[in-house]
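Student: The listed protein sequences derive, respectively, from chains A and B.
Numbering of the first sequence is given in my numbering, commencing with residue 1 and proceeding in unit increments.
Numbering of the second sequence is given in my numbering, commencing with residue 1 and proceeding in unit increments.
Possibly wrong hints are sitting among the right ones.
To be verified - Across the chosen pairs, the derived CB separations fall in these ranges:
1) 230(A) with 69(B): 48 to 58 Å
2) 130(A) with 167(B): 50 to 60 Å
3) 136(A) with 227(B): 54 to 64 Å
4) 13(B) with 130(A): 20 to 30 Å
No lab work stands behind these hints: they were computed from the structure.
Backbone N, C-alpha and C fix where the C-beta goes; we use that ideal spot for every residue, glycine too.
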Amino acid sequence: MDPLSLRENVSDTYVRFRDSDIYYSFRRSPLTIVAAVITVVFVGAAVFAPWVAPHHPFDLTTIDLLDAFTPPVWAEGGDSRFLLGTDDQGRDMLSTIMFGARISLGVGFASVIFAMVIGVSLGLLSGYVGGTTDSIIMRIADIQLSFPAILIALLIDGVVRGILPRDMHDEVAVYVLIFAIGVSGWVQYARTVRGSTMVEKNKEYVQAARVMGVMPWLIMLRHVLPNAMGPVLVIGTIHLAVAIITEATLSFLGVGVPPTSPSLGTLIRVGNDFLFSGEWWITVFPGIGLAVLVLAVNLLGDWLRDALNPKLR
Amino acid sequence: MIAFIIRRLLQSVAVMLVVGLIAFSLFRYVGNPVDNLVGQDTTLEERIALKEGLGLNDPFFVQFGRFVVNATQGDFGFSYRHRRPVEYLIAERMPATLELSAVAALMALLIGIPMGVYTGLRRDGVLSKVFMALSLIGVSLPTFLIGILLILLFGVVLRWLPTFGRGEVVDIGWWSTGLLTTSGIKALLMPAFTLALFQMTLIMRLVRSEMLEVLRTDYIKFARARGLSNRAINFGHALKNTLVPVITITGLQLGSIIAFAIITESVFQWPGMGLLFIQAISEVDIPVMAAYLCMIAFFFVVINLIVDLLYYAVDPRLRVDVGSRGGLG
Numbered sequence: 001m002d003p004l005s006l007r008e009n010v011s012d013t014y015v016r017f018r019d020s021d022i023y024y025s026f027r028r029s030p031l032t033i034v035a036a037v038i039t040v041v042f043v044g045a046a047v048f049a050p051w052v053a054p055h056h057p058f059d060l061t062t063i064d065l066l067d068a069f070t071p072p073v074w075a076e077g078g079d080s081r082f083l084l085g086t087d088d089q090g091r092d093m094l095s096t097i098m099f100g101a102r103i104s105l106g107v108g109f110a111s112v113i114f115a116m117v118i119g120v121s122l123g124l125l126s127g128y129v130g131g132t133t134d135s136i137i138m139r140i141a142d143i144q145l146s147f148p149a150i151l152i153a154l155l156i157d158g159v160v161r162g163i164l165p166r167d168m169h170d171e172v173a174v175y176v177l178i179f180a181i182g183v184s185g186w187v188q189y190a191r192t193v194r195g196s197t198m199v200e201k202n203k204e205y206v207q208a209a210r211v212m213g214v215m216p217w218l219i220m221l222r223h224v225l226p227n228a229m230g231p232v233l234v235i236g237t238i239h240l241a242v243a244i245i246t247e248a249t250l251s252f253l254g255v256g257v258p259p260t261s262p263s264l265g266t267l268i269r270v271g272n273d274f275l276f277s278g279e280w281w282i283t284v285f286p287g288i289g290l291a292v293l294v295l296a297v298n299l300l301g302d303w304l305r306d307a308l309n310p311k312l313r
Numbered sequence: 001m002i003a004f005i006i007r008r009l010l011q012s013v014a015v016m017l018v019v020g021l022i023a024f025s026l027f028r029y030v031g032n033p034v035d036n037l038v039g040q041d042t043t044l045e046e047r048i049a050l051k052e053g054l055g056l057n058d059p060f061f062v063q064f065g066r067f068v069v070n071a072t073q074g075d076f077g078f079s080y081r082h083r084r085p086v087e088y089l090i091a092e093r094m095p096a097t098l099e100l101s102a103v104a105a106l107m108a109l110l111i112g113i114p115m116g117v118y119t120g121l122r123r124d125g126v127l128s129k130v131f132m133a134l135s136l137i138g139v140s141l142p143t144f145l146i147g148i149l150l151i152l153l154f155g156v157v158l159r160w161l162p163t164f165g166r167g168e169v170v171d172i173g174w175w176s177t178g179l180l181t182t183s184g185i186k187a188l189l190m191p192a193f194t195l196a197l198f199q200m201t202l203i204m205r206l207v208r209s210e211m212l213e214v215l216r217t218d219y220i221k222f223a224r225a226r227g228l229s230n231r232a233i234n235f236g237h238a239l240k241n242t243l244v245p246v247i248t249i250t251g252l253q254l255g256s257i258i259a260f261a262i263i264t265e266s267v268f269q270w271p272g273m274g275l276l277f278i279q280a281i282s283e284v285d286i287p288v289m290a291a292y293l294c295m296i297a298f299f300f301v302v303i304n305l306i307v308d309l310l311y312y313a314v315d316p317r318l319r320v321d322v323g324s325r326g327g328l329g
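Next comes chain B alone, as it looks inside the complex (with noise of 0.2 Å):
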């Protein structure tokens, strides 16, 4: 068990380094550092001068080495664009965007389950055959072609919801939310609802399959032996033993969710950490990209690292063959 957490903890390590290296290497080599930190008038001697200062002229990996150093405290230089510190400005918009997706992600389970149980015990029924049609619909659709189709119908032809921005925010400490208004509310649905439609569909699908599988077991017949309510049995024992696998795909998803959110936020203008990324790759403001690149990574990473880990607690059959299993999903 040690040696496995160990062997995983290293290899989650190593993937940081991976990617620390290419956001460093981005960083250091696409584009000129001292060009883009000083005016055009500086003379050459003052160049040389601050190439020396900012220890550019240093060994690659003394370089690499403070580049990782700094990045694990949170420091990832000034951007170009902005001429700020590229922390604040990633820490200002990601109140945005983890709302944003904790709500999508909430929403998928809360509509994704019932839809699913309900497929899976009236497999035949008109409404299932809807539902499944509509997550065909919903896997094929790209993400930003729904919120457009979204904002034409409730932001233009019924202007029920706003179709731009969060709305009003109140600010708690350094976290701004836009759950407390209901300007901000009515703003978060659209997007909430873009993003979490994907993720909704795939459980649906998911606790469809399990039910089909779950219901055809003996101790579902016994439950029926014994007289229980269809109620009980769907729902106590059926459903029960269907959400292990709902939750471990939820919590893998999550991860795709952040990532997912730049299109989202791009559609909507939500002012969140996918908007500030998207455009740092269209103006090739480097140090946001190398610090997004590294934030998302880190984030995956401690997911998958938890999912496995998870696994392990759970699964004994894992551990006969640790070696041969990857990172999942």
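Chain A on its own, in the form it takes in the complex (with noise of 0.2 Å):
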């Protein structure tokens, strides 16, 4: 392709978008505009965070331990270097929180996909192959669905670390905490692409494929998914939300993420220790990271909703 026509097609994309409705939704919601941007510098930060971040909180060498419980920059006592001072070993709280996102976020991200996969999966399975398949499926979700995911995802975290011998848990704390919070969210997504699965599948265009030939697997993939996915995206950035709180809360419960390499919910749990003692700062500045990221990603979810789906609601 040469450069030019490369060009056009760059432009011809910006200019549909900047046509969309979706584009013109975002536009109009202030909100919503706020939380994007406080959701990509979150992102960003956590991205890039051994990069940007001010100190290196995780390398021995460069901390020291007579920097330890500084305030933050505007409170007495306070250090230029540690705008939001430090914690119990003199660790920049700043740097730990951009850390602490990076874990945080990661977790969010990858326990939604795995959610995205399983539910999208065996939705796809239960609407087009229907029968006892199905009513398995949706029996199996529909008990699921009886108990909180915050529980689920505990009693799987649970049982996952009493098969694994102690010595374990550390290393493997993040894929558990991947596969308990991701178990415990794929309903949602396998009951939404179900039902437009089952619509999708009496068209004209499936059965055209069908009378073709195609395989059933091949149809599912490439013809009824993609006409089921806006919803999985909408149900995906709320699940977000909702995976980095289970993170957050597992790890703050002191069976999740260990504090050798703490995601934001390890932060205040370790915080947590010293609130009494008035160092308030360790443990309400990841609080406080931890509240506006969720905050934002729920906005986001929220604006995405209505703006692909009014009927959604």
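Hints are included, so try docking the two chains, each in its own frame, into the full complex.
Tutor: If you want it as structure tokens, here you go:
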């Protein structure tokens, strides 16, 4: 492709984006713009934490115990090197929060994708095949839905910890969390995809594909799935907020990410011990970070839901 | 009707059996039950004898059957860590959790309903906007964070309320209650509010949307035409008709309150079942985990069963297609 047509292509896509309904409703909602900016800042800070963080909190050569418990800059005794103060080991809070957000967001995204893959596959299968397969999958979904997701995640986490030898817990903690949160969240995806699959499978293009002899799994993936993806993305965004909260909660309860590579939840747990001795910043700043992140993602999810499909409410 | 009840009961029993199977497999195959009962100096022969004595060599279904029979009698064996029968541990902790949950549910209703009515009646009022914004924050903030912030404000800065434990408790038979002493009530305030907040916002939003819907209906217009006072219309006619879904949702949420009590109890070091469970998870104390799992599942199954049966009794439309509806919520 020569550069000129590439440029035309790009500008074409840009024009289509600029004139789209989604962009219009985005521009019209200041709250959504703020939420999007906050989310982008968080994701950016998390992804580029090793390069943009003012300190490297887990590099033992750069931290100094003498800096421990420095309050934030504006408080009495603050140090201009540490904007939000330091924790009990002299690590810069701002940097630990950036590295913590990295793990929180990483676990959040990974478990959303995991839940999405399980849920979408089972939903497609359930809706397309129907019959006994459908009723088994949906019965399991019903049962799982009658328990709160966090309880299911907690139980899976507990069971996996029981199966694995104790000294492996810390190493695999992140993967266990992704698995637990993912499995606890697949039902919503499966139900939605099953619904749209049942509608789509009776349409003419699917019948045409079937007549042409396309394999069932190929029909599901190539023909049905693209038409069922819209609501899945909305659920995914809202689920991301839930997944981040669940991760933080499990880590706070002490059955999540270990303190050696803390997520926001672990940071809050660790800082909680210093709350009573007056070092409030060690727990409050990660807490604010978590709250703002979750609120922003929630607002984005709400907006996306309304923008993509007003009927979905 | 009878066919539906039997069907629904069978489904509940099936769920309990599945949960029981999970709990049993956990108990039997995760870790070694014998190693957790004996000391290091027990000889191999003694271990084998103990294994035979405990029936661990029996076929799977015989063992599972025994587990189910014991479980229905409340016998879950010994806790690995506490070296005491699990049922005693749970019975000891149960009053604390149930008291906390009941007070939280009550708080959610008593604050949530008036807030919902107010925001429903004065949609554009400043206070309504404030309530709605607060409810968004209440839904977004994780429970434990709200607990920590409350502790910081009322426990550390203002020093008004105790930050952990139950305060003084009074024993009434086997039930220990904190509701009869001042320190007990003071200790209850923050955990109960933390636990109630999420349900409170849920109830508020529900009442609000139901009120908006009911206020548009004809019978409200006729009530106005009859010249009834606003008060009589809003509370006598409108609110009354919003309460059915509110009661249903609150009923369904009772189970969630007990489950979420795990988090609240952990924040406030409240000596309830949830704290016991969390400690059991981090220490891999499997009998306690299995017992808690069975108990909470039983709770959920019973609540869902009652709600489903009530629905069936209240709403005749459901009787047409019974099969398509599973456990809601």
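Student: Can the suggested window of 50 to 60 Å be confirmed for the beta-carbon pair residue 130(A) and residue 167(B)?
Tutor: Once the Cβ atoms are compared, 57 Å apart, the range 50 to 60 Å for residue 167(B) and residue 130(A) holds.
Student: So the hint says 20 to 30 Å: do the beta-carbon atoms of residue 13(B) and residue 130(A) match that?
Tutor: For residue 13(B) and residue 130(A) the Cβ distance comes to about 27 Å; the hint holds.
Student: Is 48 to 58 Å respected by the C-beta to C-beta distance linking residue 230(A) and residue 69(B)?
Tutor: The hinted range 48 to 58 Å holds for residue 230(A) and residue 69(B), with Cβ atoms some 51 Å apart.
Student: Could one say that the CB atoms of residue 136(A) and residue 227(B) fall in the range 54 to 64 Å?
Tutor: 59 Å, holds
Violation of the numbered hints given earlier is absent; every hint is satisfied by the structure.
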